[in-house]
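Residue numbers (the working numbering), protein chains in the order written: chain A, 1 to 632; chain B, 1 to 632; chain C, 1 to 348; chain D, 1 to 348.
No wet-lab data here; the hints were simulated from the structure. Treat the hints with care, since some could be wrong.
Heads up, simulated EDC-like pairs for lysine to aspartate or glutamate below, C-alpha to C-alpha not over 20 Å straight-line [claimed, not checked]:
#1 A:420 to A:489
#2 A:263 to C:322
#3 A:268 to C:222
#4 B:87 to B:598
#5 A:272 to C:313
#6 C:190 to C:242
#7 C:284 to C:296
#8 B:177 to B:259
#9 C:284 to D:323
#10 D:337 to B:101
#11 B:272 to D:312
#12 D:284 to C:299
#13 B:119 to B:101
#14 B:78 to B:217
For clarity, every value in this text was computed on a predicted model and none was experimentally measured.
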Amino acid sequence: MPASDVAVEERPAPSASVEPVVNDFSIQVATVNGSGSQTANLVLLRAIFQMGVPVSGKNMFPSNIAGLPTWFTIRTNKDGYIGWKKKTEVLVAMNPETAREDTLNLDADSMVVYDESLKLDSVRSDLVFYPVPFDRLVAEVTRDVKMRRRIRNMIYDGVLSRLLGVDLDQMEIALRKQFGNKVKVVALNRQALDVGYAFAEQHLEKRDPYRIESMDENGGRILIDGNAAAAIGCMMAGVTVVAWYPITPSSSLCETLIDYLRKYRVDKETGKASFAVVQAEDEIAALGMAIGAGWAGARSMTSTSGPGISLMGEFVGLAYYAEVPAVIFDVQRVGPSTGLPTRTAQGDVLSTAFLSHGDTRHPLLFPCSPEECYSMAVNAFDLAERFQTPVFVLSDLDLGMNQWMTQPFEYPAKPMDRGKVLDEETLERIGRFGRYRDVDGDGIPYRSVPGRSMPAYFCRGSGHNESAQYSERADDYQRNVDRLMRKFETFRNWLPAPVVEINRKARVGIIAYGTTHWAVVESRDQLRDEADLQTSYYRHRAYPFRSALASFIERHDRVYVVEQNRDAQMVTLMRTDLRPELAGRLRSVLHYNGQSIDARTITDDILIQEGYRVEFSEADELVPRDAGVGGE
Amino acid sequence: MPASDVAVEERPAPSASVEPVVNDFSIQVATVNGSGSQTANLVLLRAIFQMGVPVSGKNMFPSNIAGLPTWFTIRTNKDGYIGWKKKTEVLVAMNPETAREDTLNLDADSMVVYDESLKLDSVRSDLVFYPVPFDRLVAEVTRDVKMRRRIRNMIYDGVLSRLLGVDLDQMEIALRKQFGNKVKVVALNRQALDVGYAFAEQHLEKRDPYRIESMDENGGRILIDGNAAAAIGCMMAGVTVVAWYPITPSSSLCETLIDYLRKYRVDKETGKASFAVVQAEDEIAALGMAIGAGWAGARSMTSTSGPGISLMGEFVGLAYYAEVPAVIFDVQRVGPSTGLPTRTAQGDVLSTAFLSHGDTRHPLLFPCSPEECYSMAVNAFDLAERFQTPVFVLSDLDLGMNQWMTQPFEYPAKPMDRGKVLDEETLERIGRFGRYRDVDGDGIPYRSVPGRSMPAYFCRGSGHNESAQYSERADDYQRNVDRLMRKFETFRNWLPAPVVEINRKARVGIIAYGTTHWAVVESRDQLRDEADLQTSYYRHRAYPFRSALASFIERHDRVYVVEQNRDAQMVTLMRTDLRPELAGRLRSVLHYNGQSIDARTITDDILIQEGYRVEFSEADELVPRDAGVGGE
Amino acid sequence: MATATQSLKKKKINRIGLELPVYRGSKTTLCAGCGHNAISERIIDACFAMGIEPTQLVKLSGIGCSSKSPAYFLGSVHGFNTVHGRMPSVGTGALIANKNLVAIGVSGDGDTGAIGIGQFIHLMRRNLPIIYIIEDNGCYGLTKGQFSPTADVGSVLKTGVVNDLPPIDTCALAIQLGATFVARSFSGDKKQLTAILKAALSHRGTAMLDVLSPCVTFNDHEGSTKSYAYVKSHADQLEELDFVPYFEDISVDYEPGETQEVTLHDGSRLYLKKLAESYDPTDKMQALGVLHDTHERGEFATGLIYVKPAADDFLTTLNLVDEPLASLPEDRVRPSKAVLTEIMESLA
Amino acid sequence: MATATQSLKKKKINRIGLELPVYRGSKTTLCAGCGHNAISERIIDACFAMGIEPTQLVKLSGIGCSSKSPAYFLGSVHGFNTVHGRMPSVGTGALIANKNLVAIGVSGDGDTGAIGIGQFIHLMRRNLPIIYIIEDNGCYGLTKGQFSPTADVGSVLKTGVVNDLPPIDTCALAIQLGATFVARSFSGDKKQLTAILKAALSHRGTAMLDVLSPCVTFNDHEGSTKSYAYVKSHADQLEELDFVPYFEDISVDYEPGETQEVTLHDGSRLYLKKLAESYDPTDKMQALGVLHDTHERGEFATGLIYVKPAADDFLTTLNLVDEPLASLPEDRVRPSKAVLTEIMESLA
Ligand SMILES: Cc1ncc(C[n+]2csc(CCOP(=O)(O)OP(=O)(O)O)c2C)c(N)n1
Ligand SMILES: Cc1ncc(C[n+]2csc(CCOP(=O)(O)OP(=O)(O)O)c2C)c(N)n1
Ligand code: SF4
Ligand code: SF4
Ligand SMILES: [Mg+2]
Ligand SMILES: [Mg+2]
């Protein structure tokens with residue numbers, strides 16, 4: 001595009017001393033939450049994305065509403081790594097409270113854009129400083145006090161546009177995506193961009209090496225957060241009953257779903273809805289409603305996070321044992337207890353897999369990208385109805401609430417699978433209705449739903465025989481729970497298959513799941529490039545596991561399981577399933593401080609465990625990597 | 001005692017064809033629940049117990065209040081086996097609805113006492129039948145209609161007294177224990193006993209081989225159910241706050257506790273209580289109250305069963321992470337969901353160990369006898385306060401609600417351990433109060449409690465630093481959960497040690513816990529006597545495990561873990577902890593149909609797995625013993 | 001004589017051609033004489049009499065002796081015996097899934113008043129169209145007789161324990177929270193209970209029925225305020241109820257001063273002839289006042305206590321398409337490919 | 001002039017010799033202008049003025065912006081920020097453990113009205129001696145502004161969504177369930193709120209305070225019925241409150257017809273000069289009536305709505321020994337060896 005070409009051409013020459021760093025650095029905007037910087041950050045992110053440069057955007061925000069420090073980080077990476085990277089090269093310091101510390105945390109040669117009044121240039125001398133008189137510049141744009149606060153942030157976008165070479169017109173396109181047809185708002189923001197750009201052009205001499213240049217790497221991809229992606233999946237899955245209770249970081253899943261449903265699932269003529277969304281009084285009620293709806297034949301769901309999961313135990317056990325479908329999204333945050341509500345973790349693996357008392361186990365899906373949030377959401381409803389049981393989709397805060405580049409979503413290839421719901425034809429074929437009879441040998445019985453004219457049954461969480469009659473008989477009980485186990489076994493081959501990449505030269509394997517994937521992808525390249533360590537890779541996409549898992553481990557001497565929790569929860573599940581000989585090959589790489597896992601952490605950890613390095617760094621000491629899995 | 005001697009002398013000779021069977025058979029009384037047979041059964045049980053014959057009494061009752069079949073089984077065993085035995089030799093058939101089936105279930109040569117109107121002698125000819133005209137006999141005792149129903153049952157006690165040789169005077173002593181100083185009631189019941197006895201003496205010729213003869217095996221032991229034992233333990237532990245919600249089979253724990261507390265913990269002069277018991281509105285509130293009380297410095301507890309555990313997840317996570325003591329009794333019943341409320345299981349091992357979302361794990365105690373219910377209850381309060389965390393005592397229906405012979409309880413040897421509660425002296429010693437500082441390196445911090453004059457802190461389930469200030473910092477979080485793990489590790493050596501019995505000749509080990517113990521004890525003898533298979537034995541008494549576990553497994557080629565659940569839950573926990581090489585030696589023996597596990601089941605299963613037998617019996621087919629633990 | 005025989009014959013088949021046994025359930029396993037059994041009988045009667053289509057009925061319950069009872073009526077009807085105290089949410093989900101269902105929920109005073117009070121409140125507040133019956137015996141029957149939150153101050157357990165916490169008046173709560181049909185009755189009052197049940201079946205919105213239902217095993221002794229004898233002698237019947245179903249063409253003569261006519265959602269009419277108190281059951285504060293006054297006197301006001309025949313129920317508020325959500329075909333719930341493409345473009 | 005300086009000086013130290021800052025907490029992290037912050041200030045004022053001993057105080061909360069606020073007052077006091085909606089049970093346990101504690105519980109309308117309504121009800125029913133404050137903004141602040149169960153019908157969210165479910169009136173509920181001190185106030189009414197808080201500190205039993213507390217970030221716009229402007233103009237102040245603490249020897253002149261005197265548990269007196277409505281706040285039905293009527297008019301009745309100064313609180317009912325259970329020494333809680341022997345003998 002000419003526009004960006006021009007921008008590039010006009011860019012001042014970098015300081016002679018450093019090589020230009022193109023499309024391979026992170027920009028961190030440090031602000032205060034509630035100050036309205038989100039728009040500016042998303043516009044910047046999207047503009048870079050639109051320039052074809054691989055990006056990812058992560059927001060680290062506090063668990064309050066306004067006034068506390070927040071960091072938004074945009075990672076640009078020409079090689080397509082979109083996982084978290086700890087180091088930041090470009091800092092936009094808007095928060096007086098953290099500005100000094102943020103500046104001190106930078107590596108030498110980083111650049112800092114900041115409000116001139118903060119005088120950050122006195123803090124260090126090894127950085128490139130760009131002071132900006134924000135207040136004065138804002139005053140040029142608007143006198144509206146309320147607007148000023150917001151507009152202020154667009155100014156740094158303008159400054160960065162000039163300094164880094166981000167196309168202003170792409171920013172305007174991004175602005176339009178953000179504000180739709182609010183023409184005035186767009187114009188005002190564009191004005192702020194221009195003011196920032198002009199200021200930088202006139203007053204800031206480029207002395208840093210960081211540049212954005214157009215690429216063609218993002219062809220066809222979209223930029224979206226995982227919760228919105230899951231919401232689209234739920235809508236496309238044909239969900240009809242949604243019951244939820246607000247909780248960070250899951251709220252936006254249902255809230256976005258409501259927006260989409262209102263837009264696309266209300267009858268144009270009658271104004272009537274082909275769905276119902278209920279904000280329940282709590283998570284117990286939310287799941288109860290989903291179960292009631294599932295029993296009555298609707299596609300139903302709820303979405304929550306850890307504390308909600310902990311409350312849902314009893315109802316999940318009911319749905320498991322009475323065999324009622326329901327889809328449960330768990331957008332994980334840091335526990336235990338209230339924990340860190342705005343930080344990410346993969347800490348609910350065990351609590352969801354074994355949720356509820358008695359012998360229970362539940363299928364889990366592990367999306368790693370918005371695309372998988374979408375496709376697994378679609379899939380989850382099919383699975384829940386086919387298997388007549390709760391199905392969990394384990395997302396996390398990082399995936400759910402951050403901006404990810406992802407493959408565009410494909411329209412469901414198959415029609416909805418409503419499972420074994422009794423109709424006249426089926427009844428004739430199977431001869432006799434027994435709600436809990438295993439007619440097909442797969443452990444999955446046939447069910448009838450209220451309001452149709454098929455035989456009824458009394459659904460209950462207490463002991464029952466094949467005909468759903470109350471029973472306390474030992475044989476009825478055992479036959480039933482053995483069938484449930486058979487059903488669970490049947491799951492293995494119906495759930496999303498793992499993604500496996502075998503490297504024939506590798507003696508070492510890596511296993512990961514969910515968002516950990518992105519750091520592993522990058523770490524594998526680091527291991528190869530830095531230590532010539534070849535690795536194979538296995539990404540779980542569901543529990544219970546496939547038999548491929550054992551084959552994968554068999555091929556390798558040591559297999560690192562990388563996860564974002566303290567207790568090696570996935571390893572615990574795997575040990576339950578694997579021959580001990582294979583379980584013996586598992587090692588853990590654990591990361592659990594609330595921040596997203598990054599490639600460097602994995603690489604360093606594996607290199608130490610593999611004996612490439614012996615010393616422990618200070619950071620490592622914080623992570624006793626075998627805590628919780630240590631043998632006797 | 002002369003009395004019983006006389007009884008023995010007067011016993012009619014057994015039929016010539018069979019050898020006498022002395023003190024080694026089971027008596028099953030089949031009645032309808034709500035018919036008041038409990039007294040008669042307990043009197044019979046206690047009388048035999050008082051005669052020095054090892055006994056155990058198990059009640060199999062339905063989950064309703066009146067009108068459904070109930071079976072009370074008394075096992076007498078001269079060798080001291082008090083676990084469950086499937087076979088019954090003596091049937092008292094009082095329930096017309098099940099009388100035929102109960103009779104058909106007997107082995108040949110068993111004996112049946114029954115109401116003559118049932119005409120059971122027409123059902124089979126290979127049993128010894130004793131018809132009794134209950135209605136006519138009752139009429140001799142009382143004309144009070146309400147009384148008659150109850151008295152009716154004492155009549156069969158009288159009949160059995162004569163037929164089996166159970167001392168009538170011991171029965172009267174037992175009656176007195178039951179009714180205390182209700183002289184009239186005792187007299188009436190004694191009369192019924194006499195009527196039954198006299199009838200048998202005059203009309204029933206002894207033709208069966210079954211006899212009770214006085215022994216001297218029970219010296220010093222007591223007869224009690226596990227819930228009552230736990231209640232005594234709680235009282236002796238000095239519990240002050242009890243919050244509970246009724247649920248079978250745990251209700252009687254708190255109800256008995258209330259009785260004892262009222263009797264022994266109310267100030268004689270003022271009438272005021274040194275305890276409070278609150279029947280909460282549900283399990284969530286019950287645990288919340290216990291946690292509030294624990295935080296405020298009281299010894300607090302709750303008691304529940306599976307469904308309550310499932311509801312307590314969130315609060316348990318809070319107590320784990322905010323480090324508040326609480327004792328939680330889980331008297332397990334059959335799940336999942338409402339399941340079989342009046343049947344036994346060991347099915348909550350995983351759900352309690354990992355209860356709540358995020359990285360949580362909790363200590364569990366596994367009593368196997370009323371004596372351990374008592375001593376572990378006492379211990380649990382010390383542990384909860386020392387470690388400032390919820391401690392679970394996992395009993396089960398079989399232990400909690402059935403009658404067990406057990407060692408008498410010892411007065412606590414040590415004073416109460418109130419743990420690291422801050423006082424002036426301690427404060428001076430440690431210098432500075434930081435609620436979550438690991439002063440002693442054991443992961444256990446010091447705490448202060450409200451209402452005293454020590455430094456206060458704000459207790460919270462959200463992120464906090466060592467000084468209990470709100471924190472979302474990565475390092476604060478990680479340091480804290482690492483310390484929690486250290487604390488958990490410290491637990492290992494504070495918890496009750498396993499009971500280990502090494503047989504130097506054994507290549508095979510057996511591991512069990514809780515009530516499974518009793519069947520294993522008997523099974524080991526069967527394995528030795530029937531197949532010359534020597535075994536060692538390891539009984540878990542707590543989780544997390546001791547290092548002795550690994551040593552035990554190392555000594556053996558194969559180790560059978562016997563448990564009463566489908567999913568081999570204890571094995572799952574063990575695999576998390578053990579070196580995979582050792583985990584590979586574990587095999588499962590699983591029993592999960594709601595009935596107590598019996599020695600025969602274990603013996604048969606192990607003999608098959610050991611290759612002593614190859615054929616599967618019909619019953620075995622119901623139990624795919626590797627379900628849930630199968631490798632890939 | 002002739003009419004008697006005719007009416008007997010007529011009784012055998014209801015308006016939709018079904019016989020009474022179709023509405024029966026399996027054999028009860030509750031104690032002989034339990035109030036809950038009598039209530040089951042009345043539910044059978046009312047559903048039969050109103051000619052409710054069994055395939056359109058659902059029955060729901062929590063956990064307790066009371067909550068078991070749905071197994072003992074309407075045996076050919078779908079039912080869901082859920083978990084303790086959570087029937088309201090399951091019922092809400094089921095009715096949203098299929099708004100054509102007629103729902104009867106059965107709970108106990110423990111199930112509703114203790115663990116379930118939160119869901120109860122929110123169901124009332126939503127005015128969910130369901131008949132919500134509390135089989136109220138002032139105790140936890142199934143766990144052997146502990147006090148429940150509806151036990152009266154001073155009521156005595158068999159063990160001699162005296163209740164010292166005030167009872168929750170579920171009728172007053174329901175009225176305050178938005179239920180649109182609130183009644184109290186007694187399992188032993190066949191006539192009143194049947195009339196109320198029929199009226200409830202004619203109502204659209206939450207019909208909350210607190211039915212005093214003595215537990216003969218644990219709470220029927222001297223000193224209990226929920227014993228059969230106590231309730232019978234302390235039931236303060238507010239009005240004589242005459243129910244005329246919409247499908248019967250009967251006109252009723254009444255004196256307007258004494259008798260109030262209420263037309264229900266389906267066109268059925270209810271005639272209330274005031275007895276003990278004179279008040280207007282369509283007036284919230286008067287209804288609360290009656291409950292308060294009778295309670296102060298140690299009595300139970302029985303009858304229709306509050307009714308608001310025309311209020312939007314929850315399902316109406318949701319503005320759903322006409323067909324039940326549960327049976328919408330794929331093409332009505334899965335948007336077209338064009339929609340997905342449109343969304344994808346907005347995110348590219 | 002002289003007296004003014006004197007009273008200023010006097011203000012610096014309270015009755016037990018402590019200065020105001022002792023009652024302050026850490027810096028708030030709530031939004032600037034949030035009603036909750038104003039309430040924190042009033043709590044600080046009231047505790048200081050009443051001279052409450054900080055070591056005898058505890059503060060409790062659930063989860064929400066409101067529930068965070070205990071961190072921002074009484075910094076030297078033990079506190080427990082529990083889990084969402086469950087502060088009542090934790091508070092109950094704590095007070096049972098130590099009956100001498102003065103407890104202030106802070107909750108939100110979501111925390112209490114939604115997930116916590118069950119525990120709320122049972123706490124009220126028990127008349128637990130606690131000051132239970134609902135910081136009521138009609139929305140879930142901390143999760144970004146969704147409607148809570150106290151949102152009024154027709155109230156509009158920033159996003160344009162209109163609430164169509166009736167609000168739960170927590171005051172009416174509390175009165176009906178047994179709370180013995182029920183008030184409604186407004187975070188912006190410094191005088192009224194302080195008087196009510198002081199009176200609540202003088203009460204023994206559950207003091208339930210619903211304090212309208214606008215969420216300036218999510219629910220302070222036109223169309224919201226919980227905005228600062230709306231509440232300020234629709235607060236219907238029932239009475240003028242004059243609080244005289246027991247430790248101040250002041251006599252008040254009043255006209256008996258208009259002003260009602262209420263003597264509180266600790267001997268403090270409250271003078272209520274009726275303004276908008278004339279009613280007796282010791283009469284349950286009248287109190288409910290006032291709430292009902294003002295609600296119908298779309299207003300909020302503020303002031304002391306109901307009070308029953310002399311009723312047994314839960315801890316009294318439990319009949320506990322005088323010392324706090326938590327600090328009873330071993331010899332008072334562990335029975336003697338003889339007791340165990342006696343029990344063992346009965347089982348032998
Ligand atoms: C979560 C849970 N807690 C406790 C129980 C035990 N329980 C079963 S029924 C019941 C009380 C029933 O009382 P109510 O609802 O009044 O019914 P009733 O038996 O008196 O008819 C309780 C506490 C349970 N099943 N589930
Ligand atoms: C079990 C659980 N569910 C949901 C949440 C998320 N959550 C936090 S605060 C809150 C609502 C708070 O609303 P309110 O009590 O009115 O307080 P406010 O923020 O408005 O002061 C919710 C739903 C949670 N923390 N825990
Ligand atoms: S125990 Fe009581 S409530 Fe339960 S069935 Fe028997 S009489 Fe009815
Ligand atoms: S979001 Fe609302 S309730 Fe929360 S602190 Fe801000 S203004 Fe207060
Ligand atoms: Mg009841
Ligand atoms: Mg709020």
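Status of the hints after comparison with the structure:
1. A:420 to A:489: With a Cα-Cα distance of about 17 Å, the restraint between residue 420 (chain A) and residue 489 (chain A) holds, given a limit of 20 Å.
2. A:263 to C:322: This hinted pair holds, its Cα atoms lying about 19 Å apart.
3. A:268 to C:222: violated (65 Å)
4. B:87 to B:598: Between residue 87 (chain B) and residue 598 (chain B) the Cα gap is close to 10 Å, so the pair holds against 20 Å.
5. A:272 to C:313: Distance of about 16 Å is within 20 Å: holds.
6. C:190 to C:242: holds (13 Å)
7. C:284 to C:296: holds (18 Å)
8. B:177 to B:259: holds (16 Å)
9. C:284 to D:323: violated (46 Å)
10. D:337 to B:101: violated (50 Å)
11. B:272 to D:312: Satisfied, since the Cα-Cα distance of roughly 16 Å is no more than 20 Å.
12. D:284 to C:299: Measuring from Cα to Cα gives roughly 18 Å; hence the hint holds.
13. B:119 to B:101: This hinted pair holds, its Cα atoms lying about 13 Å apart.
14. B:78 to B:217: holds (8 Å)
Checked against the numbered hints given earlier, the structure breaks hints 3, 9 and 10 and satisfies all the rest.
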